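Could you put the whole structure together from the sequences, leaning on the hints where they help?
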Amino acid sequence: MARAFPSAVIESLRPLIDGGRYPIKRIVGEDLTVEADVFKDGHDAVAALLKWRRSGEPRWHETAMSLVDNDRWRGVCSFYEIGVYEYTVEAWTDKFRSWVEEWTKKFEAEIPNLTAEALEGAELIESTSKRAHVAEDSTRLQELSECIRTANNSQINDIVHSGELKVLMATYPDRSWATQYTPPPRVIVERPEAQVAAWYEFFPRSAEGHGDKESTFRDCLPRIDDARAMGFNTIYFPPIHPIGHTNRKGRNNSVTAKPGDPGVPWAIGSEAGGHKAVEPALGTLEDFEWLNGEVRKRGMEIALDFAINCSPDHPYVREHPAWFYQRPDGSIKFAENPPKKYEDIFPLNFRCEDWPRLWSEMVSIVEFWAARGVRTFRVDNPHTKPVAFWEYLIGRIREKYPDAIFLAEAFTRPKMMKELAKAGFSQSYTYFTWRNTKQEL
Numbered sequence: 013m014a015r016a017f018p019s020a021v022i023e024s025l026r027p028l029i030d031g032g033r034y035p036i037k038r039i040v041g042e043d044l045t046v047e048a049d050v051f052k053d054g055h056d057a058v059a060a061l062l063k064w065r066r067s068g069e070p071r072w073h074e075t076a077m078s079l080v081d082n083d084r085w086r087g088v089c090s091f092y093e094i095g096v097y098e099y100t101v102e103a104w105t106d107k108f109r110s111w112v113e114e115w116t117k118k119f120e121a122e123i124p125n126l127t128a129e130a131l132e133g134a135e136l137i138e139s140t141s142k143r144a145h146v147a148e149d150s151t152r153l154q155e156l157s158e159c160i161r162t163a164n165n166s167q168i169n170d171i172v173h174s175g176e177l178k179v180l181m182a183t184y185p186d187r188s189w190a191t192q193y194t195p196p197p198r199v200i201v202e203r204p205e206a207q208v209a210a211w212y213e214f215f216p217r218s219a220e221g222h223g224d225k226e227s228t229f230r231d232c233l234p235r236i237d238d239a240r241a242m243g244f245n246t247i248y249f250p251p252i253h254p255i256g257h258t259n260r261k262g263r264n265n266s267v268t269a270k271p272g273d274p275g276v277p278w279a280i281g282s283e284a285g286g287h288k289a290v291e292p293a294l295g296t297l298e299d300f301e302w303l304n305g306e307v308r309k310r311g312m313e314i315a316l317d318f319a320i321n322c323s324p325d326h327p328y329v330r331e332h333p334a335w336f337y338q339r340p341d342g343s344i345k346f347a348e349n350p351p352k353k354y355e356d357i358f359p360l361n362f363r364c365e366d367w368p369r370l371w372s373e374m375v376s377i378v379e380f381w382a383a384r385g386v387r388t389f390r391v392d393n394p395h396t397k398p399v400a401f402w403e404y405l406i407g408r409i410r411e412k413y414p415d416a417i418f419l420a421e422a423f424t425r426p427k428m429m430k431e432l433a434k435a436g437f438s439q440s441y442t443y444f445t446w447r448n449t450k451q452e453l
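The opening residue of the sequence shown carries number 13 in my numbering; numbering runs sequentially from there.
It is possible that some hints are incorrect.
Claimed, not checked - Pairs of lysine-lysine residues, derived as PhoX-like cross-links and limited to a Cα-Cα distance of at most 20 angstroms, are as follows:
no., residue 1, residue 2
1, Lys-430, Lys-37
2, Lys-270, Lys-225
3, Lys-397, Lys-352
4, Lys-270, Lys-353
5, Lys-397, Lys-430
6, Lys-107, Lys-52
Said to hold, decoys possible - Here are the simulated distance ranges between beta carbons:
no., residue 1, residue 2, range
7, Ser-343, Glu-283, 18 to 28 angstroms
8, Glu-220, Arg-363, 35 to 45 angstroms
9, Glu-283, Arg-65, 42 to 52 angstroms
10, Trp-367, Arg-310, 37 to 47 angstroms
11, Gln-154, Ala-128, 15 to 25 angstroms
12, Asp-237, Arg-187, 55 to 65 angstroms
13, Gly-243, Glu-42, 14 to 24 angstroms
14, Arg-86, Glu-120, 28 to 38 angstroms
In case anyone wonders, no lab produced these hints; they're calculated from the structure.
Please read these numbers as outputs of a predicted model, since none were measured by experiment.
We put the beta carbon where it would ideally sit given N, CA and C, even for glycine.
In structure tokens, the structure reads:
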């Protein structure tokens with residue numbers, strides 16, 4: 013007959029974020045300690061296991077949980093590969109331990125006739141022998157069952173408390189009425205750089221530090237080697253894409269650019285392309301791939317700025333005008349953060365009618381650079397875009413590139429920062445430089 017109700021209660025599972033709505037996070041090799049309240053009706057003993065597996069795999073890994081206190085159980089596991097995993101707790105009535113506890117109490121009370129109790133234990137051991145998939149274990153359990161049927165109380169007590177019997181019975185428990193916590197929560201396991209990395213930022217065009225000459229990707233290695241010598245392992249580049257011409261900013265945010273002014277790298281897009289192209293003054297895409305390879309050879313990596321900004325010259329403006337904020341007069345609204353104005357940037361409308369195609373296109377940008385070896389992205393102002401969008405994008409990227417890391421460049425309220433972390437960001441900016449008092453720090 014199928015079991016129609018749970019045989020144990022499993023509740024107050026920790027760690028758990030929003031009831032399992034969002035995954036928890038760990039670093040490769042870091043322990044995951046799971047606790048839960050596990051109990052059942054009556055006086056029978058309970059056994060519990062911590063189970064975990066990579067998402068999509070059929071087989072669970074298991075480790076025994078131990079009783080802490082007051083029905084609180086704890087188990088520990090570790091993950092040795094990056095990826096998305098799930099974990100849960102399974103519990104059942106430990107019939108053998110329940111029988112051992114009952115036998116021990118009666119034996120210590122010197123009750124002379126324990127024949128019925130001995131037969132109950134022998135049957136439990138015999139039934140376990142039928143579950144044993146190792147022939148030697150099955151045979152030994154049958155022998156121990158027969159010994160308990162024929163031995164005196166003192167001999168039975170010695171067998172019951174022998175390490176051999178305990179190990180064999182624990183190896184093949186009766187879990188036919190087991191209860192499992194559902195649905196299993198998820199855990200994202202990331203590489204160590206998701207927890208801590210030393211970033212060095214510079215503009216590639218200023219790599220050589222000459223005010224009268226702009227540098228290219230091919231000129232960046234000496235500065236990168238200097239950064240490596242100082243202990244940095246991540247080179248962060250502001251946007252490297254083509255810079256727009258319309259409303260190009262000059263020095264000190266001047267609304268009029270002079271001949272030769274390079275413009276603002278965050279005003280992305282020109283006749284040379286958009287987010288999947290590089291600024292011609294820096295070199296070619298092949299030049300960037302060469303530089304990225306050289307950085308990798310040095311045990312470092314390049315972090316790219318993922319700024320979802322478009323200059324008025326970006327191909328999206330011509331090809332997908334509905335993706336932008338349209339004014340009643342038909343013009344497109346430029347970016348503002350009063351009193352600041354960014355006349356050279358058009359922000360995208362993530363709630364436009366064509367949002368599914370827009371979101372998918374943003375994913376394709378990150379995929380484009382990930383396919384070229386980039387695994388770390390510093391995201392510009394993610395708190396100004398829907399959190400659901402980030403959960404979608406980061407989830408899609410990690411399906412193909414589980415080692416991808418996203419940093420949230422967000423100076424915003426703590427609750428939004430927390431929500432971005434839940435959506436998948438591994439790192440973030442903070443208000444640390446504005447904190448002064450001991451309580452704030």
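- prompt: Taking 14 to 24 angstroms as the hint, is the beta-carbon distance of Gly-243 and Glu-42 inside that range?
  reply: 23 angstroms, holds
field: Cβ distance range 55 to 65 angstroms for Asp-237 and Arg-187, holds or violated
entry: Roughly 58 angstroms apart at Cβ, these two residues keep to the hinted range, so it holds.
- prompt: Given the hinted pair Lys-270 and Lys-353, is their alpha-carbon gap at most 20 angstroms?
  reply: Since the Cα atoms of Lys-270 and Lys-353 sit roughly 19 angstroms apart, the hinted pair holds (cutoff 20 angstroms).
message: Check whether the Cα positions of Lys-397 and Lys-430 lie no farther apart than 20 angstroms.
response: Satisfied, since the Cα-Cα distance of roughly 15 angstroms is no more than 20 angstroms.
- prompt: Given the hint that Lys-430 pairs with Lys-37, does the C-alpha gap stay at or below 20 angstroms?
  reply: 13 angstroms, holds
- prompt: Between Arg-86 and Glu-120, is the Cβ distance one that fits in 28 to 38 angstroms?
  reply: 29 angstroms, holds
- prompt: Does the hinted range 37 to 47 angstroms hold for Trp-367 and Arg-310 at CB?
  reply: Given range 37 to 47 angstroms: holds, Cβ gap about 41 angstroms.
Agreement of Lys-270 and Lys-225 with the hint, judged by alpha carbon distance not exceeding 20 angstroms: Roughly 16 angstroms between the alpha carbons, so the hint for Lys-270 and Lys-225 holds.
field: Cβ distance range 18 to 28 angstroms for Ser-343 and Glu-283, holds or violated
entry: The hint (18 to 28 angstroms, Cβ to Cβ) holds, given that Ser-343 and Glu-283 are roughly 21 angstroms apart.
20 angstroms Cα cutoff - pair Lys-397, Lys-352: 19 angstroms, holds
task: Sort out whether Lys-52 lies within 20 angstroms of Lys-107, counting only the CA atoms.
output: Distance ~13 angstroms between Lys-107 and Lys-52 Cα, so the pair holds.
- prompt: Could one say that the CB atoms of Glu-220 and Arg-363 fall in the range 35 to 45 angstroms?
  reply: 44 angstroms, holds
In the structure shown, no violation is registered for any of the earlier numbered hints.
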